[in-house]
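**Q** Protein sequences appear in the order of chains S and C.
In this text, residue positions in the first sequence follow my numbering: the first is 7, and each later residue adds one.
In this text, residue positions in the second sequence follow my numbering: the first is 794, and each later residue adds one.
Don't read these hints as lab results, they were simulated from the structure.
Ideal placement from N, C-alpha and C gives every residue a C-beta, glycine not left out.
Watch out, some of these pointers could steer you wrong.
If you only want the chain S side, here are some residues facing chain C, beta carbon under 7 angstroms, derived [claimed, not checked]:
id : residue
1  : Val-22
2  : Lys-38
3  : Leu-60
4  : Ser-64
Label-pair distances were calculated between CB atoms; the ranges are [what the hints assert, rightly or not]:
id : chain 1 : residue 1 : chain 2 : residue 2 : range
5  : S       : Glu-37    : C       : Ile-1106  : 30 to 40 angstroms
6  : S       : Asp-86    : C       : Tyr-961   : 26 to 36 angstroms
7  : S       : Tyr-99    : C       : Ile-951   : 48 to 58 angstroms
8  : S       : Asp-86    : C       : Phe-1012  : 25 to 35 angstroms
9  : C       : Phe-926   : S       : Ala-29    : 54 to 64 angstroms
10 : S       : Ala-29    : C       : Ala-891   : 51 to 61 angstroms
11 : C       : Ile-951   : S       : Glu-77    : 46 to 56 angstroms
12 : S       : Gly-16    : C       : Lys-1076  : 52 to 62 angstroms
13 : S       : Gly-16    : C       : Ala-993   : 21 to 31 angstroms
14 : C       : Val-1061  : S       : Glu-98    : 37 to 47 angstroms
15 : S       : Asp-86    : C       : Thr-1088  : 17 to 27 angstroms
16 : S       : Gly-16    : C       : Thr-1088  : 14 to 24 angstroms
Covered, in the sense of this in silico footprint (three residues per stretch, anywhere, with C-beta under 8 angstroms from a C-beta of chain C), are these stretches of chain S [said to hold, decoys possible]:
id : segment
17 : 15-21
18 : 77-88
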Amino acid sequence: MKIIYAQANGILAQVVPSPKFLATLGGTEEEKMIHIANKDIPTGTKYEITDADLSDRSFRNAWEYVAGDNEKTSEDLSLDDQLKYNHITQEEYDANAG
Amino acid sequence: MSKLKVDQLEEVTGGANVTVSAGSDLIVDDNLYVVGYITGSGHISGSSSSTGSFGRVETGNLTVGGSQGSDGEVLTSTGTGVAWEAAGGGVDGIVSTASATAMTIDSNNNIRLGGAAAGNENFSWDSVNVLSFGADYNWGGGAVWAYAQTMFDPHFNISENVYFNGMYDAYIDTNYASLYRQQQGTHTFKVAGSGTADNAISWTTALEIKNDGRGLSQFTAKAWAYFDGTGTPSFHDSYNCSTITDHTVGTYSINFTNNLGSADYAAVASAGYTQDGPYGPAKKDAVTNLDGDSTAALCKMLVNRQDGSQSSIVDDDNISLIVFGD
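In isolation and in its complexed conformation, chain C is listed as follows (with noise of 0.2 angstroms):
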């Protein structure tokens, strides 16, 4: 094997080739400085290996360390060497046309929408999670949030004017304040009147959906039956009722579920009946809250027939109840 040592080569002028014979090696023991270009069929290797052990690139694809890769494959170091592998990350289908920064995610993974946060309202704690929007209060600091602390029970929230300081909600800025949350199968809506910023707020519930079906609010109904009070007394329908107590004629208790907040509520209570009676018009009514007989576990009543001057305590068939409160 002949070999050209370039240190004995002093130049090549114009228009000249140094040629290698096939099978032979030019070798640089220094540096070689190229002005032109690198052309032709052949390769630059950094053994005698035939595919060389640093790169090339052929008609096709870049081969590197002896392996050629794939149309769009990227390059990785494997640590002992290289590898081509299919390109990842999941980036196809963003585009950012923005002027501005448009996204900011923080050490904590919160991602707020719409630049850098101004305040306290970027949640930054280690127990919550959230997707806020806007870079300050003018956007209405609106937020999705999750919350995630041992012992406490976690909660997914979507809040306004809201952000948590790692110990209570509290007031992004001076002004009003709402969120709603979902913990452990449960629906609240919270309201809380006009606040100071960075103040804790105190919150009203003002609906809750129970993950047994109930609503508790002031507006929602806490209990209702229809039910029939002749023979073996049964309910046809009912909500939040567990048990019929038949006490005598007429006279009922309907127990609920689960008991209201306190005995002062309102109950009102009609029996489907009228009819022409021999002394005029005659018609049963139902009434409720006797006395004081209801407490927040049972609402009592008693079903009357009003016939012209003449009434008298009795069943009846189709009784109704409705009851609000705490």
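So that you can see chain S by itself, here it is in the shape it has in the complex (with noise of 0.2 angstroms):
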């Protein structure tokens, strides 16, 4: 599977992951992929998920994202995960933590 989004210039972009990240991640392979999106694609991009074929690069400077019935949009991750990816630093934790 892989994530689908529209870019600033308009062209698609695919996010796939590495195998190794993926097996450190619980849940469904569709929850795996949102924790991705939240992570690895700016906050607030709408996006898909998809395991379409997207292996033939003819015109790939042409692609263009068009929304489907799946639409999502890429949140924060949680504080906690922000500070076990590095996002923050323990100090910013400390200060936003309840």
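Quick one: dock chain against chain with the hints and give me the complex.
**A** Written out as structure tokens, the structure reads:
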């Protein structure tokens, strides 16, 4: 599975996980991909999770993202995950943790 | 039953005996002074019991209170009497030929090898258990110690020229210091410049090996990736890389599993391609850190094919990336 979204220039980007990282995640395949979207694409980006075959790269620079029925929006990771992935420091975590 | 009252006996001269027949008792109201030996096959008892309630030694083991011990047993008091028990204590195997104090166990249950502590390096705090080496700093101030205190994570340490003073790590002597710490499944190697005895140590973490296997230092790679950028991009293998973002032809980002500490890092990439082309030797180069594209979270790169004076951005199936930084 992969994540697709529209870049600022309008061209479609696809995000493919590493098997090693995927193996560290829990939940269903879709839950893992949602976690990856929240982690690796900008917060607030509309995206879709797909297993479509995109291996034919003909006209790759002209690919466009078209919203489907299962479009989602990337969200912030939890504070615990932000700390875990070194997105924030321990001091920032302590300041924001309730 | 006949009885012999000793206060009626004035003197028994040499060679003579006082004989108490079987079934009879010798009763001494005051003290009985024996200048020679008490011998014979009978017993001394405090009652008329045939086994006696005091002690006696027969040809075998000592009997006390009517209870005879076995070989190697020790006598202990039960509060209401005595009991024979197997010798314990686990002291067999400890042999000392020391001519001075060789080991001290203090009131905080800390152990020092080599004599009493000369100064604060005795770690005398309840929150620390330590095995330290040498009576003074001439031995280097080496110690193996563990720390446990409510509200703080416990840790285990091996250190040189360091003691814990109840608040912080401090220098034993005016010199350099180093420490290896295990805490929450991580290994941390700390070093410190020369400081004054008893002052707080300001540590520099030289190397940290995280529980997830990452080695964090200035001399270990923060991330590396070997991936195929053709078709649907995929990793051949990687370290600290969560995903590939395929932006356009020949343009990719490697997203780090754990962010670097700063976006100012060194990244080197290559593409495994070279061959003779129509304009001479052709090869592919991978370029990183273009115009600040890279961040602490990802390294963006592109693959450029150079064929004589012709160049173009292209995909490649053998792209490598190595990242060093904070």
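**Q** Look at each hint and say if it fits the structure.
**A** Structure-based check of all given hints:
1. A least Cβ separation of about 5 angstroms between Val-22/S and chain C falls short of the 7 angstroms threshold, and the interface hint therefore holds.
2. Among the interface hints, the one on Lys-38/S is violated; its C-beta lies about 11 angstroms from the nearest C-beta in chain C, farther than the 7 angstroms criterion.
3. The beta carbon of Leu-60/S is positioned within 7 angstroms of a beta carbon in chain C (closest approach about 6 angstroms), and the interface hint is therefore held.
4. Because the smallest distance between the Cβ of Ser-64/S and any Cβ of chain C comes to about 10 angstroms, over 7 angstroms, the interface hint for this residue is violated.
5. Between Glu-37/S and Ile-1106/C the Cβ separation comes to about 35 angstroms, which falls inside the hinted range of 30 to 40 angstroms.
6. Taking 26 to 36 angstroms as the suggested C-beta distance range, the pair Asp-86/S and Tyr-961/C conforms, at roughly 28 angstroms.
7. Take Tyr-99/S and Ile-951/C: their Cβ atoms lie about 29 angstroms apart, and the range 48 to 58 angstroms is violated.
8. One distance hint, 25 to 35 angstroms for the beta-carbon pair Asp-86/S and Phe-1012/C, holds here, with the actual separation near 30 angstroms.
9. The given range of 54 to 64 angstroms is broken by Phe-926/C and Ala-29/S, whose C-beta atoms sit roughly 44 angstroms from each other.
10. Range check, Ala-29/S to Ala-891/C: about 56 angstroms between beta-carbon atoms, so the 51 to 61 angstroms window is met.
11. For Ile-951/C and Glu-77/S, the Cβ-Cβ distance of about 55 angstroms falls inside the hinted range of 46 to 56 angstroms, so the restraint holds.
12. The hint said 52 to 62 angstroms for the Cβ distance between Gly-16/S and Lys-1076/C, and at roughly 32 angstroms that hint is violated.
13. Evaluation of the 21 to 31 angstroms hint for Gly-16/S and Ala-993/C yields a failure: the beta carbon distance comes to about 57 angstroms.
14. Between Val-1061/C and Glu-98/S the CB atoms are about 31 angstroms apart, so this pair departs from the stated range of 37 to 47 angstroms.
15. The hint said 17 to 27 angstroms for the Cβ distance between Asp-86/S and Thr-1088/C, and at roughly 22 angstroms that hint holds.
16. Judged by the Cβ atoms, the range 14 to 24 angstroms given for Gly-16/S and Thr-1088/C holds: they are separated by roughly 22 angstroms.
17. Coverage of a stretch by a chain is defined here by at least three residues with a beta carbon nearer than 8 angstroms to that chain's beta carbons; for the segment 15-21 of chain S and chain C the count is 4, and the condition holds.
18. Note: the segment 77-88 of chain S has 0 residues with beta-carbon separation from chain C under 8 angstroms; the three-residue rule is not met and the coverage is violated.
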